[in-house]
Amino acid sequence: MSRKDIQKKQEEIELAQDLPVFAPAADIYEKEDAILVVCDMPGVDDKHVDVTLDNDELTLTGYQHIEEPEGYELLHRGYAEGIFRRSFTLTSEINREKIEAKITNGILRLTLPKAEEVQPRKISVSAG
Amino acid sequence: MLMVRRYENDPFAELKSLQREMNRLFNGYATGPSDDYPAVNIWSSAEEVLVTAELPGFALDDISITVKNNYLTIEGERKPQKMEEGVKCHRCERGSGRFLRSFTLPYEAEADKVKATYRDGVLTIRAPRAEHSKPRQIKITAD
Numbered sequence: 002m003s004r005k006d007i008q009k010k011q012e013e014i015e016l017a018q019d020l021p022v023f024a025p026a027a028d029i030y031e032k033e034d035a036i037l038v039v040c041d042m043p044g045v046d047d048k049h050v051d052v053t054l055d056n057d058e059l060t061l062t063g064y065q066h067i068e069e070p071e072g073y074e075l076l077h078r079g080y081a082e083g084i085f086r087r088s089f090t091l092t093s094e095i096n097r098e099k100i101e102a103k104i105t106n107g108i109l110r111l112t113l114p115k116a117e118e119v120q121p122r123k124i125s126v127s128a129g
Numbered sequence: 004m005l006m007v008r009r010y011e012n013d014p015f016a017e018l019k020s021l022q023r024e025m026n027r028l029f030n031g032y033a034t035g036p037s038d039d040y041p042a043v044n045i046w047s048s049a050e051e052v053l054v055t056a057e058l059p060g061f062a063l064d065d066i067s068i069t070v071k072n073n074y075l076t077i078e079g080e081r082k083p084q085k086m087e088e089g090v091k092c093h094r095c096e097r098g099s100g101r102f103l104r105s106f107t108l109p110y111e112a113e114a115d116k117v118k119a120t121y122r123d124g125v126l127t128i129r130a131p132r133a134e135h136s137k138p139r140q141i142k143i144t145a146d
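Going down the list, the protein sequences come from chains A and B.
Counting in the numbering used here, the first sequence runs from 2 upward without gaps.
Counting in the numbering used here, the second sequence runs from 4 upward without gaps.
I should point out that these hints are in silico values taken from the structure, not numbers from a laboratory.
Be aware that a few hints might be false.
As the list claims (entries may be wrong) - In silico DSSO-like cross-links for lysine-lysine, where the CA-CA straight-line distance does not exceed 27 Å:
no., chain 1, residue 1, chain 2, residue 2
1, A, K115, B, K91
2, A, K32, B, K85
3, B, K118, A, K32
4, A, K48, A, K123
5, B, K116, A, K103
6, A, K103, B, K82
Bound-form chain B, shown alone (with noise of 0.2 Å):
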């Protein structure tokens, strides 16, 4: 399952988003993870990106997150629930499996210097822009 989202000139990501909300409001007893899987929030200023990932539940070894000029891939597997023998479950709308998914940042990212943390079962990631990619002045000198 490759998905690569495009943020930028979407004249629709407002309408898009309240849809999700929408979604998320009615659907939150669905089964397995949605398209969306994770849900993330992107920010970025002048001098970084920042991505947070709702990914509960994760062991570190679990997720892997690259990094290539300005392109961000998360990808993991969350292992299903274990459980000893005779246990019966009633109800199972945590989905297990694998997920991918990667964004264009707005620019190239530093890949040496990302950094991830991971805290309360929410990944962030902070990929700082890289030098050559900084928007440069020039300075106009009179003939």
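If we strip away everything but chain A, and leave its shape as in the complex, we get (with noise of 0.2 Å):
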């Protein structure tokens, strides 16, 4: 990375400081094998989406981009240009390794899987 990039990358940083933050809705589902979170993120794609874990805390972490269109007037604004923001804490269930994260139309969908360990399971028992 050279010294212009990261300058514009600091830039970039400290301008998405200046943004308010939102909090998006998300469901949370538990499958017998796995959790499923899904959140709000319209306007993010898949550049523009974080997913980061540290230690057990899971934060989803989506920036908005509004192009605001030259030569027009605003006349209505009903959302503005922020950050979708939402942390979760993992129990020791979740197997870190295997989170996967997909975006598609602006909704965010993690599947965590459980650990085999504390995945249900049949005990056969047998006559003796």
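Can you join these two chains into the complex? Each is in its own frame, and there are hints to help.
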């Protein structure tokens, strides 16, 4: 990374810090073998979303960019440019190595598979 | 749920927008769609009106847009998340159901030429101004 790139990156970060942070609506589902997290992030594509895991804290961040059209007059603002952010604390039953995330049509979906040892299993009983 | 919003001549527009912003900050965890669903931004120029709406996770068939004179309506249905049997929902904040929102445009639009695109959960509508509603320069002739 050249100096210019670093500077650009820093500018981006600083710019991002000035933006308001919104908590997007999220659903959490539990399946037998995984936890699913579904989160609304309209206007965010795969290049502007970050999923980070810091110890037990899972953080979802989406950067929504609004292109202000030039030569237009703003009549109504129902939503402003900002950052979507939600954090969740993972329990020990989640297999941290196998977390998957994808974003389509402004919806971020995470699959957090449960570790093998906590999945319910059937124990066969033998007569004897 | 029919909502008609007027954005012109509202002295409290700025205040309301601040209130909305605050609500959005604090009520991010709200269940179901709020009064202002979907959130929209509206711009206009001399040639067209540009509307963007936050509609994440929609199929194109589930949104319909109608334009009549200077009246724009967006309606649709957000289908509930489909889940297999035996899946428990621990937190269900994302609502589902029908919505309808109408707007009065600052001038009549050419209904046949309205274009809409959908990308990353944001709907963008461009409604060009109707030819007959464009202002006309009137020549003054000396007598």
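Outcome of the hint check:
1. A:K115 to B:K91: Cα-Cα ~15 Å, so holds.
2. A:K32 to B:K85: holds (13 Å)
3. B:K118 to A:K32: Distance of about 41 Å is beyond 27 Å: violated.
4. A:K48 to A:K123: violated (42 Å)
5. B:K116 to A:K103: Answer violated: K116 (chain B) to K103 (chain A) is near 35 Å, above 27 Å.
6. A:K103 to B:K82: holds (20 Å)
Hint check: violations occur at hints 3, 4 and 5; the rest are consistent with the structure.
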